Amino acid sequence: MNARNQLKLFLVEAGGMARFTGNFFTQVFKPRYETAELLRQCFRVGYHSLPLIGITGFIMGLVLTMQLRPSMIEYGVESQIPAILSIALVREVSPVITALIFAGKIGSSMGAELGSMRVTEQIDAMEVSGTNPFKFLVVTRVLAATLMLPILVLLNDVISLYGAYVGVNITGHTSVQLFIMQVLDNVSFSDLIPAVVKTFFFGFAVGIVGCYKGYFSKKGTEGVGVSANSAVVVASLLVFIIDLIAVQITDLLGFN
Amino acid sequence: MGNKSTNNLKLGIFVIAGLLVLVAFLYFIGKKRNMFGSTFLLKVQFHNVQGLMPGNNVRYAGIQAGTVGDIFVQGDTIIEVEMNIVSSLKNVIKSNAVVSIGTDGIVGNKVLNIIPAKISGSAASPGTFLIGQESFNTEDLMNMLGGANDDLSFIMKDLRTTIQRFNNSKGFWELINSETIASDLKESMENLQQASVKINNMSGSLNEIVADLKNGKGSAGRILRDTQLIFQLEQTAQQLNGVGGEAKSVVEKLNGLVDDVDHKINNGNGPISAVLNDKEMTNSIKQSLDNIEKGTRAFEANMEALKHNFLFRGYFKKLEKREKKQ
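Top line first, the protein sequences correspond to chains W and V. Taking the working numbering, I'd label the letters of the first sequence as residues 160 to 415. Taking the working numbering, I'd label the letters of the second sequence as residues 3 to 328.
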């Protein structure tokens, strides 16, 4: 009975989220556009996330290099570290890690922010005052997340590759020029474009889940916490599911 | 308001930076694939492209020259490959350049290598077919290596037996360990050197002799070179010929003489003729000779009797002793 209830809850949640997404698409193209709020959200979501994501990316590049090195030396292909790292970072590590950090930081903040607005009845007040809360709060946030995550991922690519360069140079010596040449030699459009395209979906998923959880937060302070928490959990899970679907699609299209 | 514009500025920088990264990535990857910038088309045909794909790199003398374009199947055996070559190499690649399929590293992607010909040729114009060179693929190489491996194994076996024989051979090790052999060898070498010096001198002398012969010096040289001598020899030969003729007439005269004598002996009355032709005389001579033989035998018997006679025995013994002494 409990499992059945849970399944029902899950399906209700999924249906609610689908409806929410549908609402987003109906609202996003309708004027009036909340440009100022969108820019504010972009600044918060994108610019403020950069330091955190930059540090994570740098460490990820550095650590991956140092972890890979012994195995690569064992196979006698130490010189191929930049090639392998560039593909690993650009294709998978950087988008997924950035999306996860993004889900942790932005998803939770959206859930908490909208949840507390719901709890304190600000959203209701907006509806009463004639402002469309969905357009003002949800559309701007989801759009901001969708547009900013790809930019964060691209910047993270560069930062993590720099981390990899530092990692390569800890024990060996490779010039910046050679490193860049090796990276560009191995990264192709089929690596970069699918990786960038999927980050739009990651950003969208994080934004939608964060906003949905916050928007429909349960009453009480506990509800805010639950919203923030479940927003992070579901967004992170969705990131992986979308990643799986993306790799299947790129494989089907022959980009791999 | 001021804060808001600062935020927007920061956001702008952030977004532009991100977009610049994307553009830079796309540009550099595209540049690597020769998507921007002008290229020209060259073609080549192979029987087997060994897994070459559109987009693989083309190298000219080891430098990046372009990418592989379309690959068509022409007929049932020929594969035509188009190469997009950067325009900067338009006058560099000659029409007699050879194209072979290689691998980037041991297990890397396939690459087309354009190898410049050693003889200069005309510049390859767009659409020119370059000469395709079929190269070994990995399978051929492995087969070849397999054969070489078998050969090597046989050689190693033989080598092992040879070394074992060497190891078991006392004479060989004695030879190796012998301290005198080095000095012997050295001595032999010195002898050889001396011999070669002598041979050298000898050949010098031979040279001189040959030179003398050429110049007509010495008797052999004179024979070979002196024309007067030859003339004299010819004269002598002619004279000898004349002498021969004279000798012939002398012999003929002698023949006549002998015939004459012979005739006289057979038919004449002289003593010689009588001895040779008279039968009675021949018989009486024969009888006389018989008598002489008989007398000689009788005398021999008398002499034997005398030897045994006691009066003369001492004398004969003395004679025998003297002979023995001598």
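Check each hint, because a few of them may be wrong.
Stated by the list, open to error - Within a straight-line C-alpha distance of at most 25 Å, the following computed DSS-like cross-link-like pairs (lysine-lysine) qualify: (1) V/Lys-45 <-> V/Lys-112; (2) V/Lys-188 <-> V/Lys-159; (3) V/Lys-34 <-> V/Lys-92; (4) V/Lys-34 <-> W/Lys-294; (5) W/Lys-264 <-> V/Lys-12; (6) W/Lys-264 <-> V/Lys-6.
To be clear, the hints were calculated from the coordinates, so they are not data collected in a lab. Note that the structure is a prediction, hence the values are computed from the model and not measured.
Each hint tested on the structure:
A C-alpha spacing of about 17 Å is found between V/Lys-45 and V/Lys-112, which places the hinted pair at or below 25 Å, so the restraint holds. Between V/Lys-188 and V/Lys-159 the alpha-carbon distance is near 35 Å, which puts this suggested pair outside the 25 Å criterion. For the suggested pair V/Lys-34 and V/Lys-92, the alpha carbons sit about 18 Å apart, so the restraint of at most 25 Å is met. Simply put, V/Lys-34 and W/Lys-294 have alpha-carbon atoms about 44 Å apart, too far for the 25 Å limit, and the pair is violated.
Simply put, W/Lys-264 and V/Lys-12 have alpha-carbon atoms about 19 Å apart, close enough for the 25 Å limit, and the pair holds. Distance restraint check for W/Lys-264 and V/Lys-6: the Cα-Cα separation of roughly 22 Å lies within the 25 Å cut-off, and the hinted pair is therefore satisfied.
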